[in-house]
Amino acid sequence: MSSIGTGYDLSASTFSPDGRVFQVEYAMKAVENSSTAIGIRCKDGVVFGVEKLVLSKLYEQGSNKRIFNVDRHVGMAVAGLLADARSLSEVAREEASNFRSNYGHNIPLKHLSERVAMYVHAYTLYSAVRPFGCSFILGSYDQDDGPQLYMVDPSGISYGYWGCAIGKAKQAAKTEIEKLQMKDMTCRELVKEVAKIIYIVHDEVKDKAFELELSWVGEVTNGKHELVPKDVREEAEKYAKDSLEEEDDSDEENM
Amino acid sequence: IKYKKKKKEWQTATTIIAVEFNGGVVLGSDSRVSAGETVVNRVMNKLSLLHDKIYCALSGSAADAQTIAEMVNYQLDVHSIEIGEDPQVRSAATLVKNISYKYKEELSAHLIVAGWDRRGGGQVFVTLNGLLSRQPFAVGGSGSSYVYGFVDAEYQKGMSKEDCQQFVVNTISLAMSRDGSSGGVAYLVTIDEKGAEEKCILGNELPTFYDQ
Numbered sequence: 001m002s003s004i005g006t007g008y009d010l011s012a013s014t015f016s017p018d019g020r021v022f023q024v025e026y027a028m029k030a031v032e033n034s035s036t037a038i039g040i041r042c043k044d045g046v047v048f049g050v051e052k053l054v055l056s057k058l059y060e061q062g063s064n065k066r067i068f069n070v071d072r073h074v075g076m077a078v079a080g081l082l083a084d085a086r087s088l089s090e091v092a093r094e095e096a097s098n099f100r101s102n103y104g105h106n107i108p109l110k111h112l113s114e115r116v117a118m119y120v121h122a123y124t125l126y127s128a129v130r131p132f133g134c135s136f137i138l139g140s141y142d143q144d145d146g147p148q149l150y151m152v153d154p155s156g157i158s159y160g161y162w163g164c165a166i167g168k169a170k171q172a173a174k175t176e177i178e179k180l181q182m183k184d185m186t187c188r189e190l191v192k193e194v195a196k197i198i199y200i201v202h203d204e205v206k207d208k209a210f211e212l213e214l215s216w217v218g219e220v221t222n223g224k225h226e227l228v229p230k231d232v233r234e235e236a237e238k239y240a241k242d243s244l245e246e247e248d249d250s251d252e253e254n255m
Numbered sequence: 001i002k003y004k005k006k007k008k009e010w011q012t013a014t015t016i017i018a019v020e021f022n023g024g025v026v027l028g029s030d031s032r033v034s035a036g037e038t039v040v041n042r043v044m045n046k047l048s049l050l051h052d053k054i055y056c057a058l059s060g061s062a063a064d065a066q067t068i069a070e071m072v073n074y075q076l077d078v079h080s081i082e083i084g085e086d087p088q089v090r091s092a093a094t095l096v097k098n099i100s101y102k103y104k105e106e107l108s109a110h111l112i113v114a115g116w117d118r119r120g121g122g123q124v125f126v127t128l129n130g131l132l133s134r135q136p137f138a139v140g141g142s143g144s145s146y147v148y149g150f151v152d153a154e155y156q157k158g159m160s161k162e163d164c165q166q167f168v169v170n171t172i173s174l175a176m177s178r179d180g181s182s183g184g185v186a187y188l189v190t191i192d193e194k195g196a197e198e199k200c201i202l203g204n205e206l207p208t209f210y211d212q
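Going down the list, the protein sequences come from chains W and A. Read in order, the letters of the first sequence are residues 1 to 255 in my numbering. Read in order, the letters of the second sequence are residues 1 to 212 in my numbering.
In case anyone wonders, no lab produced these hints; they're calculated from the structure. For every residue, glycine included, the Cβ atom is placed at its ideal position computed from N, Cα and C. One or more hints might be untrue.
Said to hold, decoys possible - Partial list, computed: chain W residues near chain A (C-beta under 8 Å):
{"hint": "1", "residue": "Tyr103"}
{"hint": "2", "residue": "Asn106"}
{"hint": "3", "residue": "His111"}
{"hint": "4", "residue": "Asp144"}
For reference, chain A alone in the conformation it holds in the complex (with noise of 0.2 Å):
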């Protein structure tokens, strides 16, 4: 008799981290995809447009959170038609906590929206489980547990965009190196008034620290 185990679902169990500054926002993410035991994906740009200023990170089972991105972004893009200018960050992140909350017994994914809008600057919200929280900055994903107390002692009100780059990509790195499910590169994403940028950093560019 043969037993057929059931096929494991993909998993971004991750690290994903979003971080404000004055005049905008800065997002990161790892790129592990991974299914049980074994990488599916070691180069997944877990990092999701949803307009041209508003960007999510994907966390969880990679087919909700891909799903309820592109839903989001089929919203917005009518939406701001509708209201002939681009939508604001707080109506973004509402969107998603609508999915989120509606079917939060059948989806299992955290989406964090970041991104700027012309009334608020740079704005992070979180979405965990569908609540919808405005915060200086967040981290999600499996990786987040063992960075907390990093980003909790590093984070400062006021830092320039410069260092708010330099405090994602450390955070990232420090995660993948002790969080088994998050691994790969480094994606980053600045928004800000003038649009979004995105970022790869590969693994021997990545910062270091005292054990490697």
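The shape of chain W in the complex, shown without the other chains (with noise of 0.2 Å):
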């Protein structure tokens, strides 16, 4: 869908007739055409999976990371344009510290992303600056408060979530979060599920080589936001794949 908003788009400051900032909008569609990635809680922890697309074969692997760590206990996944999200994950890093000199203790993960997501809403709100070109998703768990999930768009708003997904095929990887029942699963059991997913919504047409960025916090790191080790990425990888040839083989069986 293309909407031209011939003249009230010069500026985040500019209303249209309809009551749209267009600037936002703009924004959001960076945020589309970044690869995706996904965030999903469970009984017992948060599961992120990003789909890195890999540009070049030059590229050594493992850079251009679009997980980040927040806090100890919160992890951050990205989508959009990548120094943007880094600059964000720096204030999200700051309010977090401020937050632990203050007050003594962690900073509740509803509590950061209504933090963060005011700093990125300021940027909606003048002409001398432009918005925020990603969204992210911010997972924590806490002994007490369990696991949480909130996502952040270039508006500024914050949301909670059970599983939410941002990038270009957000919405094919949303329908395949919706079938899973991820209240009753552990990490490890969602990891599998997670890998599999951005599996699934991997374009390997449009896109070709891409690396799987898997990261978890939970009862089984011991509320450490961290990346996957490599025993268990590797068998989630194995899962996916494997899920993936066996689709493929029931729709042969069909025709």
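Take each chain as given, in its own frame, and dock them per the hints.
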């Protein structure tokens, strides 16, 4: 769908006659052009999966990470302009660090996402700056509050989720996520399902090679957010590839 | 030539105590405010509210202690609305500690912070000189020196709410009878999941010990 905002889209400080701020909508389009990132909350933790498109064979493996550590117990997966996302991860880190310095304990995720969302929103008010061209998913695990998952988009709103997806294949990913019974799953089971969803939504024709970035935080990691260990990742990727082959086979039978 | 003596600062040289029990805390204090040898107020309540279920006990300079308590009360009000739930006792203690430490050269006050939150239950924090330490019980003020032996000997882990209240009253009473800077009535605050309950015990209702 293309909408032209002739004249009303030159700066974020202008509304269109039908009440839209086009600059913010264009920022969201920048997110939709980026590859997919998903985050799912389960019974005892949160798992992130990112489809990291590899544009050149010369890239070092593991570079240009799209999952960040905001605090020991908080992880952030991003989609959109990577430079904007890096700058926002610094903002989030400072918020979390200042909170701990002032109040003596870990920042509650709801509060962190509201603070960062307020910051993102501020950049949608003025013509002197442009909105951030990235969405991100924040996840954490805490003994008392359990797993939490929040998503912030370029308009500066934050939502709490059980499962969410951002990026080019977000609709397809959401459909797959809705099939899962995440409230009854553990992190170990969920890691495999997340890998499978990324493999399913990856478009082999348009985008060739991709690297799967997986991270988790939950009881299994004692509340610390970290990239999934190599053996777990390999097991998850194997499960994902095997499931895809099975589906291909079953398609052939029907023909 | 008239030599004007500098006005003596009001001190709540004092006895304060806070004890943790399973499910809450009990705070206690005496009620004497002195300026040198004069008792300026004999019925001051040194147990100050920081939030619904978090109180602090004031000692040292009366002005310094009260001001710190007011500032932290304000900061906790804002904080609890921002996070959408009751603040943790640790947050209140950290806020007090941050002020006490930053201005430690200018201030002369020691606040004991104690309260109840849903995560940690009853908790007592000491913020003397800008440190932050959680303890099962804490005493402070000039009168505390006289009762360290008593509290060390009599404190037991796992006391009930009523035992704690009696322990606090006994301690305050002993300190008041030996410390010239403590006296008046005893104030008690008991905090648990349901809320905070304030109580005042008049001089003639306080327990007496062998010398009285």
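Quick rundown of the hints versus the structure:
no.	hint	in the structure
1	Tyr103	holds (4 Å)
2	Asn106	violated (10 Å)
3	His111	holds (5 Å)
4	Asp144	holds (5 Å)
Of the numbered hints listed earlier, the single one contradicted by the structure is hint 2.
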